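Asks: Respectively, the protein sequence lines represent chains A and B. First residue of the first sequence? That's 1 in this note's numbering, and the numbers climb one at a time after it. First residue of the second sequence? That's 1 in this note's numbering, and the numbers climb one at a time after it.
Worth flagging that the hints you see were computed from the coordinates, not collected in a lab. If you're wondering where the values come from, they're calculated on a predicted model, not measured in any experiment. Cβ atoms here follow ideal geometry from the backbone N, Cα and C, with glycine treated the same way. Misleading hints may appear alongside valid ones.
Below, a sample of chain A positions facing chain B; criterion: calculated Cβ distance under 8 Å [stated by the list, open to error]:
#1 Y33
#2 M41
#3 G58
#4 V88
#5 G99
#6 T102
#7 G103
#8 E104
#9 L105
#10 E109
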Amino acid sequence: NAGVTQTPKFRVLKTGQSMTLLCAQDMNHEYMYWYRQDPGMGLRLIHYSVGEGTTAKGEVPDGYNVSRLKKQNFLLGLESAAPSQTSVYFCASSSKSGGAVTGELFFGEGSRLTVL
Amino acid sequence: GQSLEQPSEVTAVEGAIVQINCTYQTSGFYGLSWYQQHDGGAPTFLSYNGLDGLEETGRFSSFLSRSDSYGYLLLQELQMKDSASYFCAVKGGNQGGKLIFGQGTELSVKP
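Isolated chain A, as found in the complex (with noise of 0.2 Å):
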């Protein structure tokens, strides 16, 4: 049982440079999130999805886009990447009945991205 699983696990970036992230899940959850994770400081949430098709802002989106084309994947790209965009990020979903109700998300294991 898979869970979450997100690719790359780790990337080097040269500034202006873009990428994405990949997040595929196999529980068949609506929901789909995007979190970034910085030094001491907790999860903070970029965009997120409630159903394929669909996507939404979170607390710090500038410079994310995002795209869920199918149920179980939810995409993150950077477009021009920058130093301030160093940070690891993780991907997370829930279902509609369950972890949304009762806060429950499931997370992958984090990609870690370094922006030079």
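Position chain B relative to chain A; hints supplied.
Replies: For chain B alone, kept in the frame of chain A given last:
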């Protein structure tokens, strides 16, 4: 908007009891959750309080007082493996299940 406050660090000895507090300010309240994170790995869900009172799950308990905008996580019979970061989180609205997290409390359990 929402904001949460929790202590940055707590230290306790093995076998002891420790309480991690969380105060929050929200425009609407839909529940308080707790998560554990080891060494920067995937955060894992511990507990949820939607109503006032105590929820118990094994050695861990979580308490909520909505009138005080306050909750805590209680860890009993501490073990070395409980050394981790603990986050409280509130729902960011009644749609979409998104959570807004506190900055986390790093718990160090000493022998």
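Asks: Each of the hints needs a verdict: does it hold here or not?
Replies: Each hint tested on the structure:
1. Because the closest C-beta pair between Y33 of chain A and chain B is about 6 Å apart, less than 8 Å, the hint holds.
2. Annotation: interface hint on M41 of chain A holds; nearest CB of chain B at approximately 5 Å, less than 8 Å.
3. Proximity of G58 of chain A to chain B holds as hinted, the smallest CB-CB distance being about 7 Å (cut-off 8 Å).
4. Hint status for V88 of chain A relative to chain B: holds, with the closest Cβ pair at about 7 Å, below 8 Å.
5. With a cut of 8 Å, the hint placing G99 of chain A at the interface with chain B holds, because the nearest CB-to-CB distance is about 6 Å.
6. The closest approach between the C-beta of T102 of chain A and any C-beta of chain B is roughly 5 Å, which is under the 8 Å cut-off, so the hint is satisfied.
7. With its C-beta approaching chain B no nearer than about 3 Å, G103 of chain A sits inside the 8 Å limit, and its interface hint holds.
8. A cut of 8 Å between beta carbons decides the hint on E104 of chain A: the least distance to chain B is about 4 Å, and the hint holds.
9. Proximity of L105 of chain A to chain B holds as hinted, the smallest CB-CB distance being about 6 Å (cut-off 8 Å).
10. The beta carbon of E109 of chain A comes within 5 Å of a beta carbon in chain B, closer than 8 Å, and the hint placing it at the interface holds.
Hint violations for this structure: none, all hints satisfied.
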